[in-house]
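Position 81 (the sequence shown) corresponds to 81 in the UniProt record's numbering; numbering is contiguous.
Certain hints may be false.
Here are the in silico distance ranges between beta carbons for each label pair [claimed, not checked]: (1) 44 x 110: 34 to 42 Å; (2) 79 x 116: 14 to 22 Å; (3) 33 x 86: 14 to 22 Å; (4) 96 x 68: 27 to 35 Å; (5) 103 x 41: 16 to 24 Å; (6) 44 x 103: 18 to 26 Å; (7) 95 x 44: 15 to 23 Å; (8) 51 x 110: 31 to 39 Å; (9) 108 x 45: 14 to 22 Å; (10) 50 x 111: 19 to 27 Å; (11) 97 x 37: 35 to 43 Å; (12) 44 x 101: 33 to 41 Å; (13) 87 x 107: 38 to 46 Å; (14) 108 x 79: 17 to 25 Å.
In silico SDA-like pairs for lysine to any residue, Cα to Cα no more than 25 Å straight-line [stated by the list, open to error]: (15) 33 x 59; (16) 51 x 95; (17) 51 x 33; (18) 86 x 110.
No lab work stands behind these hints: they were computed from the structure.
All C-beta atoms in this analysis are idealised placements derived from N, C-alpha and C, irrespective of residue type, glycine included.
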Amino acid sequence: MAGPGATVPLREENGCSSRRQSTSSVGDSDGEKEDPAAGRARRHLEGLLNKNMRIRMTDGRTLVGCFLCTDRDCNVILGSAQEFLKPSDSFSTGEPRVLGLAMVPGHHIVSIEVQQETRAGPPYL
Numbered sequence: 001m002a003g004p005g006a007t008v009p010l011r012e013e014n015g016c017s018s019r020r021q022s023t024s025s026v027g028d029s030d031g032e033k034e035d036p037a038a039g040r041a042r043r044h045l046e047g048l049l050n051k052n053m054r055i056r057m058t059d060g061r062t063l064v065g066c067f068l069c070t071d072r073d074c075n076v077i078l079g080s081a082q083e084f085l086k087p088s089d090s091f092s093t094g095e096p097r098v099l100g101l102a103m104v105p106g107h108h109i110v111s112i113e114v115q116q117e118t119r120a121g122p123p124y125l
């Protein structure tokens, strides 16, 4: 695989669905039943908690921060977020803008990359 500090694409296009299937006997916190694929997806998302990720948005901006949560509409909450403007902006200095806690609407997400675990990995940008 890639070297230290490499990223792994999590989702290339916003293919999130707000529909929920309930066909198996595994229950979730709402008391509804959850199919095995949904259980695997939930465990995968839980494994991404507190990981650094880079989110590219439809307007060309990139947000980098710590994944804190998501919802059924694919909205994502990032902690300690920084915003990087697209390079074509005339007022862009290449310096990140510190946002802190940021909510990214799911319909504006183009791609998500998760930073791989390394002991001393370099930053994304």
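Cross-check of the supplied hints:
For residue 44 and residue 110, the hinted distance range of 34 to 42 Å is not satisfied, since their beta carbons lie about 20 Å from each other. A C-beta distance of roughly 19 Å is found between residue 79 and residue 116, which places it inside the suggested range of 14 to 22 Å. For residue 33 and residue 86, the hinted distance range of 14 to 22 Å is not satisfied, since their beta carbons lie about 43 Å from each other. Taken as a hint, the range 27 to 35 Å is violated for the pair residue 96 and residue 68, whose Cβ atoms sit roughly 19 Å apart.
One distance hint, 16 to 24 Å for the beta-carbon pair residue 103 and residue 41, holds here, with the actual separation near 21 Å. As the Cβ distance of residue 44 to residue 103 is approximately 21 Å, the hint placing it in 18 to 26 Å holds. The supplied range of 15 to 23 Å is broken by residue 95 and residue 44, whose beta-carbon atoms lie about 34 Å from each other. A beta carbon spacing of about 19 Å between residue 51 and residue 110 contradicts the range 31 to 39 Å that was offered as a hint.
The hinted window of 14 to 22 Å between residue 108 and residue 45 holds, with their beta carbons roughly 19 Å apart. Restraint check, residue 50 to residue 111: a C-beta distance of roughly 20 Å satisfies the suggested window 19 to 27 Å. Our hint of 35 to 43 Å for residue 97 and residue 37 holds, since their Cβ atoms are close to 38 Å apart. Checking the proposed 33 to 41 Å range against residue 44 and residue 101 shows it is violated: the Cβ atoms sit about 23 Å from each other.
Checked against the hint of 38 to 46 Å, the pair residue 87 and residue 107 fails, with Cβ atoms roughly 24 Å apart. Between residue 108 and residue 79 the CB atoms are about 18 Å apart, so this pair conforms to the stated range of 17 to 25 Å. Of the supplied pair hints, the one linking residue 33 and residue 59 is violated, its CA atoms being roughly 37 Å apart against a limit of 25 Å. Between residue 51 and residue 95 the alpha-carbon distance is near 22 Å, which keeps this suggested pair within the 25 Å criterion.
Under the criterion of a C-alpha separation no larger than 25 Å, the hint pairing residue 51 with residue 33 is inconsistent with the structure, at around 28 Å. Simply put, residue 86 and residue 110 have alpha-carbon atoms about 14 Å apart, close enough for the 25 Å limit, and the pair holds.
In summary, the structure is inconsistent with hints 1, 3, 4, 7, 8, 12, 13, 15 and 17 from the numbered list given earlier, while agreeing with the others.
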